[in-house]
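In order, the protein sequences belong to chains A, B and C.
1 is the number of the first residue of the first sequence in our numbering; add one for each residue after it.
1 is the number of the first residue of the second sequence in our numbering; add one for each residue after it.
1 is the number of the first residue of the third sequence in our numbering; add one for each residue after it.
Note that these hints are calculated values from the structure, not bench results.
You may find that some hints are simply not true.
All copies of an identical chain are treated as equivalent in the list; a pair is satisfied when it fits inside any one copy or across any two copies.
In silico lysine-lysine, BS3-like type, Cα no more than 30 Å apart, as pairs [as the list claims (entries may be wrong)]:
(1) Lys157 / Lys119
(2) Lys285 / Lys94
(3) Lys205 / Lys252
(4) Lys37 / Lys178
(5) Lys254 / Lys5
(6) Lys179 / Lys205
(7) Lys285 / Lys254
(8) Lys254 / Lys119
(9) Lys4 / Lys37
(10) Lys147 / Lys4
(11) Lys252 / Lys37
(12) Lys285 / Lys241
(13) Lys4 / Lys33
(14) Lys4 / Lys38
(15) Lys148 / Lys94
None of these values were measured; they are calculated from a predicted model.
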Amino acid sequence: MLSKKSIIDIDSLTVEEVSQILERTDSFLEVSKRDVKKVPALRGKTIVNLFFEPSTRTKTSFEIAAKRLSADIINFSASTSSLKKGESIFDTLKTILAMSVDLIVVRHNCSGTVKLISKTIDIPVINAGDGKYQHPTQALLDLYTIKKRFNDFNGLKAAVVGDIVNSRVARSDIELFKKMGIDVTIVAPSMLLPDNMDYYGTEVKNCIDDVIEDADIIYMLRMQFERQDRKIYPSVREYNKFLGLNTGRLKKMKQGSIVMHPGPVNRGIEISEEVMNASGELAGKLEIENQVTNGVAVRMALLYLILS
Amino acid sequence: MLSKKSIIDIDSLTVEEVSQILERTDSFLEVSKRDVKKVPALRGKTIVNLFFEPSTRTKTSFEIAAKRLSADIINFSASTSSLKKGESIFDTLKTILAMSVDLIVVRHNCSGTVKLISKTIDIPVINAGDGKYQHPTQALLDLYTIKKRFNDFNGLKAAVVGDIVNSRVARSDIELFKKMGIDVTIVAPSMLLPDNMDYYGTEVKNCIDDVIEDADIIYMLRMQFERQDRKIYPSVREYNKFLGLNTGRLKKMKQGSIVMHPGPVNRGIEISEEVMNASGELAGKLEIENQVTNGVAVRMALLYLILS
Amino acid sequence: MLSKKSIIDIDSLTVEEVSQILERTDSFLEVSKRDVKKVPALRGKTIVNLFFEPSTRTKTSFEIAAKRLSADIINFSASTSSLKKGESIFDTLKTILAMSVDLIVVRHNCSGTVKLISKTIDIPVINAGDGKYQHPTQALLDLYTIKKRFNDFNGLKAAVVGDIVNSRVARSDIELFKKMGIDVTIVAPSMLLPDNMDYYGTEVKNCIDDVIEDADIIYMLRMQFERQDRKIYPSVREYNKFLGLNTGRLKKMKQGSIVMHPGPVNRGIEISEEVMNASGELAGKLEIENQVTNGVAVRMALLYLILS
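Just chain A, same shape as in the assembly (with noise of 0.2 Å):
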């Protein structure tokens, strides 16, 4: 279904697609799981990686999950490139699709960037984050990631607490959790949301302690330092006291429910530190491991429907 697809953004996924990617990512899931983490399934194709903007965990997902497939990955990072050349972006692409490359994962700083190139090519593009437009495969691992501990989204509550004007992330895991029957609240103080809130059509709260004892999910976002123009965050000490999670507010939560973060956790500002350094039942509530562990798999699920 997804053949030859790029995945952009959430908006043009369609939920029979998004179910197909869940229940791919079970059996790749198990693949990192066995002695031998590797399938022939891609053996002969050429994907790249092309990243305007360092990145670790990305990156290296998508080059585990090529690699775990078998296929061939280049790294084509930008700062070693022609591009010092003075080439275009364009010219770049054309470059390496004329090397028959048969998937390109992008990031890029600007927005909307990787949906024009998308435009432009003619192979399958994976948006691996452009700027503070959309991250997919972010919210698709999420996503996954509620399902394997809920199975079911119906009726679920999320939040989503944080930085939500500079997070792609924010953006993308609204849409999809939306999309896909969960009830979702956005938690940030107005210097932290978007002009455009009613694109959301969530209810909005200013403080986590408002859904902390009602959600299954409470979604941190990574303060996106790197992407403010200005010093429009609130300071460390205002975080803390409106949108942090502590050990006081874990232990508040309802039985089952999950904390989850993007990555990488600023300690001490989203998260403290006592809580991502718990142990027992209330480190049981953090996923944001297993967010890592299921992205891995949720991509080679995506380079093998959009490939083989």
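Place chains B and C on chain A using the hints.
Quick look at chains B and C alone, frame taken from chain A:
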């Protein structure tokens, strides 16, 4: 015939060797069009990409070529290496060799360095471009591109246009074209010509209009701004007037003729934006992307003929 | 015997484990000499090269070792990672682990960091050098090099010459040589010795002439200019006078004796240009390239013994 041979410059390649490379390229071009773009020919061989200059297309082209032949390829870029510790190139090479490497692909910003390297070490070296001296794999892919369009080299007229003095592509291409029986004319103002023009033994014209109607191949060189010591190049306005390829000139070219460029194109300088964005019959004259596609196949052929 | 074990320092390796590694190295050295330098032993394993310091030989050596065992290896260099976003090392490690990685090779500029890491995580870690503390795989490849030349360690006399205080190689090599029954003498002026020389329990000489005629192994250390806080090292002239290996001294060495160096050599400091360029019998004493060759095989043996 190429067994264990280094590819350093055009001069040391015989006509028979060139023909053998072109023939072998046919079969590898077909591999890149398959669904499974991989053959086991060089499994268990270790190739090192040793680049002392930034590069997109050439480095990636070799990397993809090696992977499609199932070889292991190690990217070794000078800036991340222990060259920072003051190690000499030759000690670095000895280290690489001691790891039982089968072939080294070298790019270096100083003319002659790759030749020197090949004389120092016992394994095959492929010159991926050195200073203003040679870029033999570019010349071979260019020749292959011409062969695909014209089948026979005899009687073909090529015009090589632009920054002759700073271009290793010019040097390698002119030598190879002439070796294979193509008639070559150089088009450049005196400020873009080397002192020893007798070396080339070709006719020189000062304006692209002198060749545009008669040439089978218009080979546009990239202005090597990064290799110019002083600002000796003409202004963009002058360049466009005497050397630039625009739609008017493209339309004057005879039927079946082609335009080539080693890339990346300085849009608006060597070739106008309008030509670069052309579609239909006019665009059909541009071989730039085919050159890139053929580049992977030529490099596969070279690696295969040298190592298998 | 090494199953799932981390390799952090020499102290935690038993004589039996060391012997097992050396034995296994024999068979992998043979693999690197084959036409097809690849065995399927670690197919489907994922290894991460996590280097917080620039490195040529060690990083490439592990990369080649992993590929010759058919493992997937991910190069993760700190400068291109999200460590730029202020992520802690330990959160980075958690992320890597969550991607179902089988083994991490770590180099770090702070002594003790790799040990700390290995205590924090559940998968095997190999120390590829940390600060001034340890470089156990270097010591193992050095020991293997000695074994290849002398077969037996008993009664061998090794002199370790130069920058003891700044060298992790010195520390690991001296410990391992003594553990295996080699008699070790340190040659260094007091300014290049650590305060706690009792730790080593070896004789100390101040001039290479004191050992040159009697030693079976002259192990020249690299001057670690990059690790010296203050300019405490001797002048080049003084270094040459008391510690440098020149042709005169090389000729005084007894029959069958060898010269080693971890590389890269500071030519003209630890070893003279003349010695580095020697040929014939004199050059036959230099084991520097064999050390590199053996390094790949030792690392293959370690990866194999830990992971298979």
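Each hint, compared with the structure:
no., hint, in the structure
1, Lys157 / Lys119, "neither (35 Å within a copy, 38 Å between copies)"
2, Lys285 / Lys94, "between (46 Å within a copy, 16 Å between copies)"
3, Lys205 / Lys252, "within (17 Å within a copy, 68 Å between copies)"
4, Lys37 / Lys178, "neither (34 Å within a copy, 40 Å between copies)"
5, Lys254 / Lys5, "neither (40 Å within a copy, 40 Å between copies)"
6, Lys179 / Lys205, "within (21 Å within a copy, 65 Å between copies)"
7, Lys285 / Lys254, "within (10 Å within a copy, 68 Å between copies)"
8, Lys254 / Lys119, "neither (45 Å within a copy, 33 Å between copies)"
9, Lys4 / Lys37, "both (25 Å within a copy, 17 Å between copies)"
10, Lys147 / Lys4, "within (26 Å within a copy, 33 Å between copies)"
11, Lys252 / Lys37, "neither (39 Å within a copy, 55 Å between copies)"
12, Lys285 / Lys241, "within (21 Å within a copy, 65 Å between copies)"
13, Lys4 / Lys33, "both (28 Å within a copy, 16 Å between copies)"
14, Lys4 / Lys38, "both (23 Å within a copy, 20 Å between copies)"
15, Lys148 / Lys94, "between (40 Å within a copy, 20 Å between copies)"
Consistency note: the structure conflicts with the earlier hints numbered 1, 4, 5, 8, 11.
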